[in-house]
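J.: Heads up: the protein sequence lines correspond to chains C and X, in order. Just so we're aligned: 138 in UniProt numbering is position 138 of the first sequence, and the numbers increase by one with no gaps anywhere. Just so we're aligned: 500 in UniProt numbering is position 500 of the second sequence, and the numbers increase by one with no gaps anywhere.
Hints were generated in silico from the structure; no laboratory data involved. Possibly wrong hints are sitting among the right ones.
Taking lysine-lysine and the BS3-like style, the derived pairs with C-alpha atoms no more than 25 Å apart in a straight line are [unchecked claim]:
| hint | chain 1 | residue 1 | chain 2 | residue 2 |
| --- | --- | --- | --- | --- |
| 1 | X | K136 | C | K459 |
| 2 | C | K253 | X | K521 |
| 3 | X | K498 | C | K404 |
| 4 | C | K239 | C | K359 |
| 5 | X | K343 | C | K436 |
| 6 | C | K30 | X | K448 |
| 7 | X | K431 | C | K141 |
| 8 | X | K154 | C | K357 |
| 9 | C | K359 | X | K156 |
| 10 | C | K41 | X | K521 |
| 11 | X | K431 | C | K24 |
| 12 | X | K498 | C | K359 |
| 13 | C | K49 | C | K272 |
| 14 | X | K156 | C | K404 |
| 15 | C | K52 | X | K521 |
| 16 | C | K141 | C | K30 |
| 17 | C | K404 | C | K22 |
| 18 | X | K447 | C | K22 |
| 19 | X | K431 | X | K420 |
| 20 | C | K182 | X | K248 |
| 21 | X | K431 | X | K447 |
| 22 | C | K182 | C | K160 |
| 23 | X | K270 | C | K182 |
| 24 | C | K357 | X | K498 |
| 25 | C | K436 | X | K347 |
| 26 | C | K41 | C | K141 |
| 27 | C | K436 | X | K108 |
| 28 | X | K87 | C | K359 |
| 29 | C | K160 | X | K270 |
| 30 | X | K431 | C | K160 |
| 31 | C | K249 | C | K209 |
| 32 | X | K140 | C | K436 |
| 33 | C | K357 | C | K249 |
Keep in mind it's a predicted model, so treat the numbers as computed, not measured.
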Amino acid sequence: MESVGDLERDLEGMREYYSQGKTKEASWRKSQLKGLLTLLKEKEEDIFKALKQDLGKHHVEAFRDEAILPKIAVLSTAEIVPEPLGLVLIFSSWNYPFGLSLEPLIGAIAAGNTVVLKLSELAPACASLLANTIPNFVDNKAVKVFQGGPTVAEQLLQQKWDKIFFTGSARTGRLVLSAAAKHLTPVTLELGGKCPAVVDSLSSSFDRKAAVKRIVVGKYGACAGQACIAIDYILAERKNISTLVEMMKVIIKEMFGGNPIESHSIARIINKQHFLRLKNLLEDPNVKASIVYGGSLDEDHLFIEPTILVDPPLEAAIMTEEIFGPLLPIISLEKIEDSIQFLNSRPKPLAIYCFTKNKSLERRMISETSSGGVVFNDAIIQYAADSLPFGGVGESGVGRYHGKFSFDTFSHEKAITRRSFLTDFWFRYPPWNAHKWQLLECAYNSDYLGLLLVILGLKKPRRGSYQPAYSH
Amino acid sequence: MESITFQLLRDYSAVGFGANRAFSYRFTRKSNQTRVSFPKLIRTSSGFKSCSATLSLMVEVEEKPKFDADKTALLVKEVRKSFNSGKTRSYEWRVSQLKSIEKMVEEKEMEITEALHKDLSKPAFEAFISEISQVKSSCKLALKELSSWMIPEKVKTSLTTYPSSAEIVSEPLGVVLVISTWNFPFLLSLDPVIGAISAGNAVVLKPSEIAPATSLLLSNLVQEYLDNSAIRVVEGAVDETTALLAQKWDKILYTGSARVARIVMAAAAKHLTPVILELGGKCPAVVDSNIDLQVAVRRIIAGKWACNNGQACIGVDYIITTNAFAPKLIHSLRHELEQFFGKDPMKSKDISRIVSSSHFARLVKLLDEENVSDKVVFGGQRDENQLKIAPTILLDVPEDSQIMQEEIFGPLMPIHTVEKLEDSFEVINSKQKPLAAYLFTNDELLKKDFVQNISSGGMLINDTVVHVATEGLPFGGVGESGMGSYHGKFSFDAFSHKKAVLYRSFAGDASIRYPPYSPEKQRLLKALISGNIISIILALIGWSRD
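Next up, chain C with everything else stripped away, as it sits in the complex:
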């Protein structure tokens, strides 16, 4: 890691390069984005290897989740001109190390900024790959990549940035926002939360099967539950739970085989610290007692098998903290509408998933709860919907990106007005008098007839209007 002096010199160099105007050119931006696409194509195998090494991710899961579709539009109306902010800082995360690095990077470049990208040290193989390959595919004077841990992050946060984009935990998000406050740096925080899946009664067995498949993949197939938009827990009516659990068991076996660790289709836990954290969630005897499936942990391989729990105590950590792992609690409700109050008494999550065909529940879910987004009858997939903004609210985040929203998030929308020298209203200017006052009132009310009448001397002042006693 460089010294602070070196870092500051580097950043100074980047600002200098930015001020030359190169990064604003459309041709430069296109060439950079092409470079990144080429990187993805040429290094695909290496990327899969690195993901396997860091997370034990199956390459199809990796491909499905981390292939990126850059879509940029440089919008310019006569009145609002988007311009780059300058020098931006992106903090990536470890669970989707390619997607969460490249997608914001693409947005920042498309908007014409110079970028520093700080990769997560918890996914070292991926970080190393990105740090070594990105410089070969993009303009090094404008894009720099840093590896390293909290010390590097702190050093970077001391500097002044024109924008900071952070993906990670709420706890660290607060630190980033506090550091940004010193320089009045605008920030986008992509955090997480406990994303619930509200599962209503579904009459058709086809629908039920589809729902369960999507739920299972939306938990265990999403980096083993280590995703900000993974399903954290389920809310369902008491009478449906046993069927739900049975169906889930069947689907889990179908998807991951009898011995999931051998399927190589589920990611492992990222490191020992998180493994122990998850192990700890299950230590509480009341929580342990609520396990109905799975529950075995392999510390050597950092592997936890898909686990289902029914009605662990609501005060237990597993129900108060974001799980971020393959443990799926199901909470029973008397009736499904109770889910709304349940959700409203908790912090706003990044996503709410609702499996239902009941239109009234759909409407209530949208209008009576708050979350980053809502998805009906599926999970995770909103990440691929480029026309929708992706971001949280409250504890789940500040700001948004994806598609055009990425471009916007790294731009300043400058408002331009042009006026001509003709048509100058003389009554705008002092010295003011009752006559000008009348004209102004008409003008401001777009009362053109009134304006004409006043000019012709045919309109009396409005009775009761305040007229200061001016001597003019």
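Starting from the known structure of chain C, arrange chain X on it as the hints suggest.
T.: Just chain X now, with coordinates in the frame of chain C:
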């Protein structure tokens, strides 16, 4: 053992014409605090239609209880309870509140103008143009457009989520805090509040204590006209603001200085509260020679001295022009200034005074700095008793002088000359990004270059200040001049959460998403993501290029 310390806070905010001062003594005891103020009797000037209500409030000796943190927490809790009940979400509620604000401004126009005059000696015309009419049109626009703003925005979906439909739903954030300022105390309090209400939030407003008459009026009017269960005003100064900032808000909109903005944002960071910061900066006016000089100069004057006497975040801070053109420009400025404010501008009623003695002292210090005071080419008169400083023009003060480094916020106008006008870009870019940048020219190429190379919150070609009244444009800064924006629909958006909603059906369940994973699934996925129909067909039938 109690200890009592006296802090004599001399507040020189003149109220009305004449030397009226209010002294507050703060007694601090370890156990409790009381603030007692002993204002002198206020004389109102003869040429002023006085209102007995406002006269009596000034004479009252008030013992204000300390607004402590517990009380603040309770207030926020009450307001939040109101929000949670859902009442602020309905279209009807929002419309009723907006209509009430409209009614309030109509019925109390006189009181509002008087309060602004008390706080700032603001001419009635300025009060009307810059504050009252703006609030009215803000309300009108919101009332007219609200139903369409509230409609969810349908968005297209792509092949990757097929079959699906999607929309973006605007929902209120919850309970928001608006911290206002003293220079346009009425507008900058109500405009954000209008935005917050139209987005369906509950709102707490903290007006500036440096404009006390307006602050008190706002407090009374909101109480009288609006739904107090969801809309409240908290008056006060540093203590009250600190107590408010310690609470959890769903959004904060702050208008004021960059220094305090950092404090606001740091407090907001603890709760992950998003903020809008409307700050200021040194807004430059670049003046070319090939223009209609009289019109340009009038507009510059309108954007400086006729705009709260330079005390405006978007006011023209300084001028840049060529060496060759400067004399002509100065000549025209002098002429038009006399037309506007008479031969003795200190006597003109059409110009605001300096808001407080501390700001007065600050401005005089800028003016009297060595190597600056000798650059005055017009004006320079000052009257401490009346808190007046005449429109003053300076020519080519040193670049490193205070007046060229910090935001002036007063009636001093430095003119900086350059060889050719393109050199002005360097001057502007060497400073922090301002809230607004102005250019007077007929040269199309210069206009283009200006827009491309200068970064500022907003820009206006061939006029000053009026861009903020342009419907359809966001008003906000960048860098040191702020973050976020509002006005018109942008106000509605500023106080909303744009919730992404995706509807999927159970049909069309693509098994390629699910484990067990296979090379075939990967090929198909790749093809689907590329969107290339040939690849998709090839992958489906088992052929592929990989």
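J.: Confirm or reject each hint.
T.: Here is how each hint holds up against the structure:
no.	hint	result
1	K136(X) / K459(C)	holds, 23 Å
2	K253(C) / K521(X)	holds, 19 Å
3	K498(X) / K404(C)	holds, 15 Å
4	K239(C) / K359(C)	holds, 21 Å
5	K343(X) / K436(C)	holds, 21 Å
6	K30(C) / K448(X)	holds, 23 Å
7	K431(X) / K141(C)	holds, 24 Å
8	K154(X) / K357(C)	holds, 20 Å
9	K359(C) / K156(X)	holds, 21 Å
10	K41(C) / K521(X)	holds, 18 Å
11	K431(X) / K24(C)	holds, 20 Å
12	K498(X) / K359(C)	holds, 21 Å
13	K49(C) / K272(C)	holds, 21 Å
14	K156(X) / K404(C)	holds, 13 Å
15	K52(C) / K521(X)	holds, 18 Å
16	K141(C) / K30(C)	holds, 16 Å
17	K404(C) / K22(C)	holds, 22 Å
18	K447(X) / K22(C)	holds, 20 Å
19	K431(X) / K420(X)	holds, 19 Å
20	K182(C) / K248(X)	holds, 20 Å
21	K431(X) / K447(X)	holds, 20 Å
22	K182(C) / K160(C)	holds, 9 Å
23	K270(X) / K182(C)	holds, 14 Å
24	K357(C) / K498(X)	holds, 24 Å
25	K436(C) / K347(X)	holds, 20 Å
26	K41(C) / K141(C)	holds, 23 Å
27	K436(C) / K108(X)	holds, 22 Å
28	K87(X) / K359(C)	holds, 23 Å
29	K160(C) / K270(X)	holds, 20 Å
30	K431(X) / K160(C)	holds, 15 Å
31	K249(C) / K209(C)	holds, 12 Å
32	K140(X) / K436(C)	holds, 24 Å
33	K357(C) / K249(C)	holds, 24 Å
Of the numbered hints listed earlier, not one is contradicted by the structure.
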